[in-house]
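Enquirer: Put together the whole structure using the sequences plus the hints.
Number of protein chains: 2
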Amino acid sequence: MSTLGNIIVGQSGGPTSVINSSLAGVFKTAKDDGARTIYGMRNGIQGLLENRFVDMKEGIKSDLDVEILKRTPSSYLGSCRYKLPDVEKDEKTYENIFAILKRLEIDHFFYIGGNDSMDTIKKLSAYAKAKSEKITFVGVPKTIDNDLAVTDHTPGFGSAAKYIGTSVKEIIRDALVYDMKMVTVVEIMGRNAGWLTASAALAKTEECDGVDMIFLPELDFDLNLFADKVKKMQEKKKALVIAVSEGLKTADGTYVCKMGDSITFKDSFGHTNLGGTGMFLANKLAAELGCKTRTVDFSTLQRCAAHITSRVDVEEAFAAGTHAVKAAFKGETGKVVVFNRVSSSPYAMLTELADVAKIANVEKQVPSEWIINDGTYISDEFLKYAKPLIQGEIAPYMVEGLPRHLVLR
Amino acid sequence: MSTLGNIIVGQSGGPTSVINSSLAGVFKTAKDDGARTIYGMRNGIQGLLENRFVDMKEGIKSDLDVEILKRTPSSYLGSCRYKLPDVEKDEKTYENIFAILKRLEIDHFFYIGGNDSMDTIKKLSAYAKAKSEKITFVGVPKTIDNDLAVTDHTPGFGSAAKYIGTSVKEIIRDALVYDMKMVTVVEIMGRNAGWLTASAALAKTEECDGVDMIFLPELDFDLNLFADKVKKMQEKKKALVIAVSEGLKTADGTYVCKMGDSITFKDSFGHTNLGGTGMFLANKLAAELGCKTRTVDFSTLQRCAAHITSRVDVEEAFAAGTHAVKAAFKGETGKVVVFNRVSSSPYAMLTELADVAKIANVEKQVPSEWIINDGTYISDEFLKYAKPLIQGEIAPYMVEGLPRHLVLR
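Keeping their order, the protein sequence lines are chains D and Z.
Under the numbering used here, the first sequence has 62 at position 62, and the numbering climbs by one with no breaks.
Under the numbering used here, the second sequence has 8 at position 8, and the numbering climbs by one with no breaks.
Take the hints with a grain of salt, since some may be wrong.
Only some residues are given here: those of chain Z computed to face chain D with a beta carbon under 8 Å [as the list claims (entries may be wrong)]:
1. T300
2. K387
3. R404
Hints were generated in silico from the structure; no laboratory data involved.
All figures in this text were calculated on a predicted structure; none of them were measured in a lab.
Don't be surprised by glycine CBs; every beta carbon is placed ideally from N, CA and C.
Expert: This is how it looks when you write it as structure tokens:
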């Protein structure tokens, strides 16, 4: 199969600090290998269905632009949360997509995203086979949540973990400044998988004692036991810093953040989508322990803080894009790029291809045997796993004191 | 007066990312100029009164340690929120302090802090004069809020502003990722002075349109006008990012965050100290505009994010410490180091001494003539003022993927 022809690439799902590095990898590799036109879908498959796409060579004009793109957070092409319907239920959508792809003479289709995006690759590649269409479909994984199966980790996780480890270290310094009892509750993303919350453990270093407790969504959360544990710990140490997952829920399946919501704004505005696990717990502790409490919610910062990314992560994200293009040009389809760990120390990682069916719609959680101290901390196995992923920095290009980004106007 | 002798230095009030750079400036300069013992108060004047202090040469052993200290957030010596009583009301406290200072044979006393700390310098220096004590008292300003009088700006503001400008730029990229209506409300510190909230305007650069509106605490806040303005703006632009001060209050003096509190957790835990201006406004908008809203609260991150400081700020903070020591060794007392702007472009700043009485207990707000667009934005005069203060970076010393800090055990 020729390495020439046209390609199209899209980004989908929640952004990360390095999802554009994967896009840069796809673009640069395809361009260098002689792709004719490199189309970019605006807002993923949803935009494609509305005939919204760009010629990426018009927006990325130089290798400098490629480097700036690698340092630009969020999704350069825009994103969507569109789940492709089953072909049996709605074949029309598939016909529309392929009509557009044919009109653009697309040979290779790349999609950078998480579970739903891999589901899209799975369905489109299956449809192509069924209709004997020559177009190849390859997925590039991304998600800060690190909850994809098969792959050792996902591009985006390492940088989010580095941001969390760095910020938590700084928060600990700040929390210890006064000679008084205080509890700081840090809320971290990851509704069902605790990989990011566990990353708070990275703050423990030679000169820093780290966080005092970590609560992951993998285990049922007990509100009263929580307060008791904090109370006991406070007898030995005045200032505590506790990391909690946004997705904590009690044994009966109630999200802690919803407990907050129910009291929060429902009555005033009839709107419940908010609250915050951290704020709810901080206030419960303030009421029960009668001490000062504080909440820090990293919210969107942990997925867009491109000014403090992991070089390992940025380069792996780029490489994932490169491998996707190389594979497609060899004729591979219905595949996704995955990482296979050879060794943690020294760090050695293989970049491979996997059948997308194996990864789509499967969620990987933190192994329960890694959760220790009666569900309040994470074991050294996690640190051994995560530390290689946060190594190295890639300095932003600073202009007038702020990071420069590449933006599609 | 001899340049030898013993000195003591303390840190007070809320920490900043560069308050330790001022401490490094005091330590390094005093050491190089031949100070005999350099004492550090644990938790400021409060700790001193409890005879808690350290010999700083034991904790800072090398020039490498000095450099790490410059890169360590929060207060290395610990801090306090202690306001010295008036001598007429409680002379005993003064007698206690001077008894300790005499026992340690202190010749020079330095205090790094904000308004209250300068008040401490004012009172102690006045007391020393009244009792013809030879000890000199010099203040080094710090506060991310930038609300001190006399000085052009305060050490700590530039780095907080750089963190805010950088993070807001990243949040804007993230907010524009979906093709849908959404409002992101970013809450920024500064209860009475809007210097930090105004810094969100720095995010407007060649490639970034910046935030859509900025609401400062200097003006009365109108909840309904706010919703109307957002609604009107949303007709032209889908995704909006709005910066609000934590200290917004309505014409009758009610804090917006308290409006949230009153509904939030009072009923459940009888505890009201929380809420969040940003979350309250985001939920009001969600209810009134029926669109997705999101809150980002920088909280303590904006004062401790030492991984992204301004080199100008770090160096000025260090220089402020140096000047304080040089002045004290010349016999100056009852003074505070201030900055006097000669030119914004090119940036030229004089470091001078001011009578501490002029700066203590005075609060400097954003000039009302700088607040434009019917109270929804900040003028270019602010950008001209703030931009020189966020220039340059000082890379953290990264160890195993995370910034190294200097910690007093």
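Enquirer: Quick one: which hint numbers does this structure break? Sort them smallest to largest.
Expert: Checked against the structure, no hint fails, so every one of them is satisfied.
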